[in-house]
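A.B. asks: Since the structure of chain L is provided, determine the placement of chains S and B with the ligands on it from the hints.
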Amino acid sequence: MELVHADCLRAAISECKGSPQARIFKEKLFSDPMTKETIDKTISRPKRWGMLVDQRKCIGCHSCTVACKSENNVPPGYWRSWVKGMQKGTYPDAGTFFLRRLCNHCDVPPCTQVCPVQATVRRDSDGVVVMYYGKCIGCGMCVSACPYDARFFNPFRETADKCDFCTARIDNGLLPACVEACPSGALTFGDVADSKSDISRKLVSLGTSVIKPELGTKPKVFYVAAENDLMGRIKFSDDFDAQVIHYGKSIPSPAPDYWKKGGKK
Amino acid sequence: MDATVLYNVPHEVPWKVYIPLYFYFTGLSAGSFILSTLSTVFGIKRFKPMALPAAIISFLLLLLAPACLILDLHQPTRFWHTLVPDYFNRTSALSFGSWLLTLYPIANLVYIYFIWVKADRVTKILGMITVPLAIFVHAYTGFAFALVRARAWWHSALMPGYFLTSALLSGIALLLVVALLMDLFRKEKLEAELYKSLRLMMIGILLTDLFWNGSFWLTLLVSTADGYASIMLALHERLYVGGELVCGMLLPLAMLVLPWTREDRSWLCLASLLIIGGVFLMRYSVVFIGFDIPLS
Amino acid sequence: MIDVTRREFLRLAGLMGGASLFAGCHLFKEPAPVPKFIEGAPGVDPIETLTGIDHMFTVCGMCPGNCGIRCRVAQGTLVKIGGNPYHPVSVETPLPFGTPLEEALTAGGSVCAIGSGGIQHLYDPFRVVRPLKRVGPRGSGKWKALTWQQVAQELITGGDLFREGKVDGLKRIKDAGQGLTFLVGRADWGAMRFLDGFVNAFPGASLSRDRAARLDAAAVEAADAVFGPGSGPVAADYRNARFVLSIGDAPLDSGVPLVSTARGIAQARVEGRSFRWAVVDPRLSVSAAKADFWVPVIPGRDLDLALGIMRALADLGIKAPKLPEQALDACAKASGVSVETIVRLAKLLAEAGGKAAVIPGKSILTQPNGLETTKAVLSLNAMVGSVPGSGGLTARSDDFLAAVGKNLGSAKPGSPQTKSYLNPVKALFTWQADPVYDDPFHAEPFLRDPKNVPLFVAIDTCISETSALADYILPDTTYLERWDICVSPPSVTQPGIGVRRPVVGSFEPVSGKYSPIFPETRPMEEIVGLLAAGLGLPGFEPDKDGNLRTVWSFYRGLLGKVLDSMKSAGLSVPSWTTGVEAVLQRGGIFLGDRPVSLPAGKASQSVPELPKPPGFPDSTAEGLLLITYSLPFHRTAAEAQNSWLLEIVPENRLQINHSDAQRLKIEQHATVIVETLDGKHSATCKALIVPGIKPGVVAMAKGFGYRESGVRAHVIDQATSTTDETRAAGVNLGRLLPGPLPQRVRVRKA
Ligand SMILES: Nc1nc2c(c(=O)[nH]1)N[C@H]1C(S)=C(S)[C@@H](COP(=O)(O)OP(=O)(O)OC[C@H]3O[C@@H](n4cnc5c(=O)[nH]c(N)nc54)[C@H](O)[C@@H]3O)O[C@H]1N2
Ligand SMILES: Nc1nc2c(c(=O)[nH]1)N[C@H]1C(S)=C(S)[C@@H](COP(=O)(O)OP(=O)(O)OC[C@H]3O[C@@H](n4cnc5c(=O)[nH]c(N)nc54)[C@H](O)[C@@H]3O)O[C@H]1N2
Ligand code: SF4
Ligand code: SF4
Ligand code: SF4
Ligand code: SF4
Ligand code: SF4
Ligand SMILES: [Mo]
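So the sequences go chain by chain: L, S and B.
Heads up, the first sequence is in this note's numbering, so the first residue is 2 and it goes up one at a time.
Heads up, the second sequence is in this note's numbering, so the first residue is 5 and it goes up one at a time.
Heads up, the third sequence is in this note's numbering, so the first residue is 35 and it goes up one at a time.
By construction, these hints were calculated from the structure, which means they are not laboratory data.
Hints may contain errors.
Straight-line distance between alpha carbons at most 30 Å, and here's what the computed DSSO-like set of lysine-lysine pairs gives [claimed, not checked]: (1) K783(B) - K262(L); (2) K20(S) - K261(L); (3) K720(B) - K236(L); (4) K720(B) - K265(L); (5) K178(B) - K250(L); (6) K122(S) - K193(S); (7) K20(S) - K136(L); (8) K262(L) - K193(S); (9) K265(L) - K176(B); (10) K265(L) - K205(B); (11) K265(L) - K20(S); (12) K250(L) - K720(B); (13) K261(L) - K714(B); (14) K262(L) - K178(B); (15) K250(L) - K20(S); (16) K262(L) - K720(B); (17) K714(B) - K265(L); (18) K236(L) - K20(S); (19) K213(L) - K20(S).
Isolated chain L, as found in the complex (with noise of 0.2 Å):
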């Protein structure tokens, strides 16, 4: 089922025979001596795509988000990527964070242990966990079992949906959307399984932490100094009320409807 990188180009050069695209993927393909082993090989040899995410570096722009729901057509009311952001303090001891939000490409995924079907699974050459959008039933299963509110139903597709690491792009050796927009450079996107990597040398010299250890899903979205009530629920107050029963009203956000009805009431 899953189109490794090799394949791709390969589809690639015969889609666009002749084109200068072709042309540097032959290139690309082609350039090392290397023979169809050791191209295999070379593929074969299992990565773990990771993202890290640096809150020091992040400015709550929201450039992640919008280029995020423009790369994967993503509905309004409905997020692949999300920012949150508080304020706390008391005058004048005040700041703001920022926490930015993507499906954490788990390695212990909740979401495909529930699925009936295998329609969301985490692919063994990188690790990614992707959606195959034909299979799913829309048994909302998954979105229900993920701990980080990263899925959604796509109410056009009509099944689960959600951050894929642009698979599209990442096969095809680009970024990520988000990463390549972020202005700030706070995203780093690479291979957690090879130690030469940017983001595995970043992992290892910075503290990093991810979101609900405890649940031992293993997630594959490491943050640098991630504010600590934003991590899970936003905790803005001791009340319990505003906290737990009100907690919508906290959210700016406005939920699908609010589009489908062109903003009124």
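C.D. replies: Positioned in the frame of chain L, the structure of chains S and B with the ligands alone reads:
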């Protein structure tokens, strides 16, 4: 500490009311089936008159249950994907559930046939095979929740047990109403002993369910932040406290226990109806209170 | 993979909300539901990224940042906007200019939220797609569609155009030699050269600029006054500075361009160099939150603070200009910043010396006394020895453009004219300006009355608050469907230019004819060229075959001149670019950093005389001081039409401190009424109680509360359009308060 949310997004609940209905019908079905087997398999003679109606009701409900499930699917025409062996996911309760939900109605139908033709021995063997299926069918819905570690309100070892007992409870209550109706319209009356047994069973299960609830409360109250928030939310939820607990459990329990109501058939009927409603509310609150705690 | 085309098609159909695009703008159709702009793609095909796709490099036009962008165009439809890897704003190390285009395919670049959202600007379902003429009174929202021939004929000859009496046509106005004003909002260098040409050729015409451009000009004036002519505007050089003091400037909230500014600051802050940053702002902006020091000043009291720092610098033995009599503690009291903080800021400045940067923001410039305050703030740089190029401040690197301007022989200088468009004229043209949204108290009554402007023509992409009042709306193309030569903001130090070109629509290279996606829309230059040719203006005459000069040929010629000028300025422009094709294909040309020669010795003497600050703020005054700010993913009205941006925060809320909220008994998210002290104007909005704002101050983001562009229904050829109320949420502060901020307002619970 003063803090203010600047940005955050809502996450839509993926399920509609069909999902609790589905769990509810599955439970009702399993419950009435087990009741049917009390005479056929376990040889408790006084339940004999109930065997056939219970089995038929169980089968009919089994048609309703998957219908609800399919109604909630966003790709209803793809429901058959769940039965493609190649797609089977051994870690998914739903994968098992789909097979159970396919095998169980078939077994059920065969079983009904043999009661109908009064082949008692065959019925007994078939019943013996089908009872575990019925139990699994219902327990699986409990597992579907219990295995979701994301949501503290669901992720409990008590869930399958609770689903099973309340399934039985609703099955019995439904059968009791059916029995009362049968009495109303049939010439040969059912024996009072039958009612008494049903009543006692209901009391027993209600007490068990209350015990499950108490255990839930206590563990969640001292659980993680999400667990604590869930139980507190539940206690703020009118449907849960007023509906499920008071109207669905405590009131019927009182009616079944108190000497001046327990012998009265109208009270019995009312208690059963309340239980039937209460169990639905239990499914409902399990499902949707689970979504009240945002995870991101 | 075989059915790429089908999938492609589905995706595109989804992107455009079904058939809305091909059916033309639904402003022309029966009432229909507002097409959903983005409808979730069916399967993203990996191949989609690579084949059947054009990658067009051009320049963003959503803000004056002029970032390089790369547009992914799938079978004629723009599907994605990313950064241009050749552009120094998009990436830290741009691809060398000579890199073949194919190699750039797998390289990317940054783009901000607003820039990515440009697709929605292009495919806005409320775009005007045919020339419109009003058929009711001004602002009645009743229109009739015209052909371009009709437009040209009516505008040139005039007559009883609106059944309200005779209106002079352009021909008559031209012959009379007076009476045409061309109001231009945000416009780039190339378009300004074109408009210079038009205004010069039209006897008695004048160019007027909107508030934004006038503010930009004021910023240049202030910098020139401090650092010498030709220095301004200035920006902080975050990559080299050791201490930056931002006063009313919020580079991480409203940096222009946000892209390279944010990257520069992130690197300076995180990657270990000794960089210190203080932000003076009554509100905890993102910039303040990320800085080392947040200095909450009393709004409008920045001059006192600047004076205080000067005094403290003088106390450190640094030569100060003649200062008004105001002691340090008086400055501290007046600005609400403690003496210790002021002294500390002064010390940090003195330590950083030439590598210090003190940057005044627009919120300083817009204050009463704004120009003086801005000069005072800028002269703090000069005092400690920081001048453009010395490390703290960037130096301009596009002087080659000035030479081109001169060579073109523009009689009128390219700098924005200060002539106000609010003077009565015979005819007013507006382009990329929305004064009615920006300054409704003055612009609206003025423009509504035909006596002030008998002929009002708006060249616009949609029916904005301004064009809603026009007599004619001539459908413009967006920045994604036009050419331009774009100057980068001062924070970009690499010498070079961005070149904009159409990324969608079809271009016929032989004739130079461009057809945009909506066939009846025209780039502004073509519209103006059509009218100018009809008037027989010199320079706009048709050629011997009767063809008008194409927009393309104008820009190709201009680009050639710019490249020549770059060469004469000693920049190593590769010779193979002479055909300008390579430059167009890369969205411009940038050459590595050029060492700057410092305007030696000029700086420290040029601290201008400072005005005396207006006494102490009245602490007993009634009400709260209202200020305004920018959200990093939201701009002015044009971007309020973008659902990807509105989704994040759909409306602006009143930020108020906890202590004020408590006093006024306002709860979190409560609906509040903000009213002027005289009670004449008020607005209703939600409160957002935050710790990060100075008590006594309230703040609201700009760019919300739009009343047009889909919010109001219009009748075109008897068909009523539908509306989209998501664009109307929030408050336009311009409608709440006449005059500049900060101003006192009363806030109460609704
Ligand atoms: N409350 C508050 N108000 C403010 C400010 C503030 O800080 N707070 N800041 C002020 C400042 S500094 C500024 S610069 C102004 C900015 O305010 P504006 O000048 O109103 O904003 P712009 O985004 O420049 O949009 C100008 C017009 O250009 C149109 N436009 C955009 N693209 C195109 C195009 O391709 N072709 C044509 N023909 N038209 C186009 C838009 O539709 C819009 O009508 O706001 C000012 N107002
Ligand atoms: N995202 C985004 N970026 C933009 C724009 C946009 O609309 N959106 N607009 C662009 C334009 S046209 C311009 S002119 C610039 C403007 O950009 P800036 O010059 O940065 O001006 P503002 O964003 O209006 O205000 C900056 C900060 O000044 C603070 N402030 C308000 N009043 C005072 C005061 O009296 N004293 C002090 N010290 N601080 C005060 C505000 O809280 C705000 O945080 O931004 C440009 N960039
Ligand atoms: S684009 Fe980068 S800086 Fe902006 S919100 Fe996303 S992660 Fe943060
Ligand atoms: S974050 Fe959620 S959706 Fe993503 S892999 Fe983990 S469980 Fe699955
Ligand atoms: S919604 Fe689709 S992906 Fe999710 S569990 Fe159901 S079938 Fe699997
Ligand atoms: S990796 Fe791609 S899909 Fe995931 S958040 Fe980033 S842009 Fe969206
Ligand atoms: S900062 Fe954003 S909006 Fe401004 S030019 Fe750059 S990409 Fe466009
Ligand atoms: Mo501006």
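A.B. asks: Hint by hint, say whether it matches the structure.
C.D. replies: The hints, checked one at a time:
1. K783(B) - K262(L): 28 Å, holds
2. K20(S) - K261(L): Satisfied, since the Cα-Cα distance of roughly 18 Å is no more than 30 Å.
3. K720(B) - K236(L): Distance ~21 Å between K720(B) and K236(L) Cα, so the pair holds.
4. K720(B) - K265(L): 17 Å, holds
5. K178(B) - K250(L): 45 Å, violated
6. K122(S) - K193(S): 21 Å, holds
7. K20(S) - K136(L): 21 Å, holds
8. K262(L) - K193(S): Roughly 59 Å between the alpha carbons, so the hint for K262(L) and K193(S) is violated.
9. K265(L) - K176(B): Between K265(L) and K176(B) the Cα gap is close to 24 Å, so the pair holds against 30 Å.
10. K265(L) - K205(B): 47 Å, violated
11. K265(L) - K20(S): 24 Å, holds
12. K250(L) - K720(B): 12 Å, holds
13. K261(L) - K714(B): 36 Å, violated
14. K262(L) - K178(B): 29 Å, holds
15. K250(L) - K20(S): The hint holds at about 22 Å.
16. K262(L) - K720(B): 21 Å, holds
17. K714(B) - K265(L): Measuring from Cα to Cα gives roughly 28 Å; hence the hint holds.
18. K236(L) - K20(S): 28 Å, holds
19. K213(L) - K20(S): Given pair K213(L), K20(S) holds - Cα atoms ~28 Å apart, limit 30 Å.
In the structure shown, a violation is registered for the earlier hints numbered 5, 8, 10, 13, in ascending order.
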